[in-house]
Amino acid sequence: MNTMIRTQRFSLGLILAASMVAGAHGATPAPEGAAVYFVTPLDGQTVSSPVTVRFGLEGLGVAPAGVEREKTGHHHLLVDVDDLPPMDKPIPADERHIHFGGGQTQTTLELEPGEHTLQLLVGDHLHIPHEPPVMSEKITITVE
Numbered sequence: 003m004n005t006m007i008r009t010q011r012f013s014l015g016l017i018l019a020a021s022m023v024a025g026a027h028g029a030t031p032a033p034e035g036a037a038v039y040f041v042t043p044l045d046g047q048t049v050s051s052p053v054t055v056r057f058g059l060e061g062l063g064v065a066p067a068g069v070e071r072e073k074t075g076h077h078h079l080l081v082d083v084d085d086l087p088p089m090d091k092p093i094p095a096d097e098r099h100i101h102f103g104g105g106q107t108q109t110t111l112e113l114e115p116g117e118h119t120l121q122l123l124v125g126d127h128l129h130i131p132h133e134p135p136v137m138s139e140k141i142t143i144t145v146e
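For the sequence shown, my numbering assigns the number 3 to the initial residue and increments by one for each residue that follows.
Quick caveat, the hints were computed from the structure, so don't treat them as lab data. Treat each hint with caution, since some may be false.
Listed below are the simulated BS3-like cross-link pairs for lysine-lysine, each with C-alpha atoms no more than 30 Å apart in a straight line [unchecked claim]: (1) Lys91 to Lys73; (2) Lys140 to Lys73; (3) Lys140 to Lys91.
Beta-carbon label-pair distances, calculated as ranges [unchecked claim]: (4) Glu34 to Glu114: 13 to 23 Å; (5) Asp90 to Glu146: 32 to 42 Å; (6) Asp96 to Gly116: 33 to 43 Å.
Even glycine gets a Cβ: it sits at the ideal position worked out from N, Cα and C.
Could you build the full structure based on these sequences and the hints that come with them?
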């Protein structure tokens with residue numbers, strides 16, 4: 003067999019293996035009735051900065067990112083996000099999509115005065131939302 007054919011077969015094998023690994027994860031199922039919510043602040047509340055945000059979770063346990071345990075996930079806080087991230091990919095990590103991969107259930111935010119929206123989204127061990135997604139209602143707070 004000539005070198006070109008061997009190289010093509012090897013390349014095809016690598017492509018197939020990579021696609022199998024990428025597609026093997028699939029969506030992590032959310033337990034029926036799982037819910038995430040804000041303990042504080044509450045929708046419509048006026049607060050001062052820094053703002054302490056406490057997360058509540060029902061029907062699902064908390065596990066750090068990278069730890070695969072059934073019926074668990076970890077929190078992501080979306081700050082002033084208009085559109086939800088794709089539900090079949092890892093949640094972005096930036097100043098508007100804050101990851102709590104250590105299993106944290108609260109944080110303190112420095113927010114500018116004005117109106118802000120907050121929303122919680124639970125991700126699995128790979129930061130991918132469950133199916134169906136476990137997310138809170140979007141709340142609006144005013145920072146004085």
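Outcome of the hint check:
Simply put, Lys91 and Lys73 have alpha-carbon atoms about 19 Å apart, close enough for the 30 Å limit, and the pair holds. Using a Cα cut-off of 30 Å, the hinted pair Lys140 and Lys73 holds, with the two alpha carbons roughly 23 Å apart. Pair hint Lys140 plus Lys91 holds up; C-alpha atoms about 20 Å apart against a cutoff of 30 Å. The given range of 13 to 23 Å is broken by Glu34 and Glu114, whose C-beta atoms sit roughly 39 Å from each other.
Between Asp90 and Glu146, the C-beta spacing of about 39 Å keeps the proposed range 32 to 42 Å intact. At about 20 Å, the CB distance of Asp96 to Gly116 disagrees with the hint of 33 to 43 Å.
In summary, the numbered hints that this structure violates are 4 and 6.
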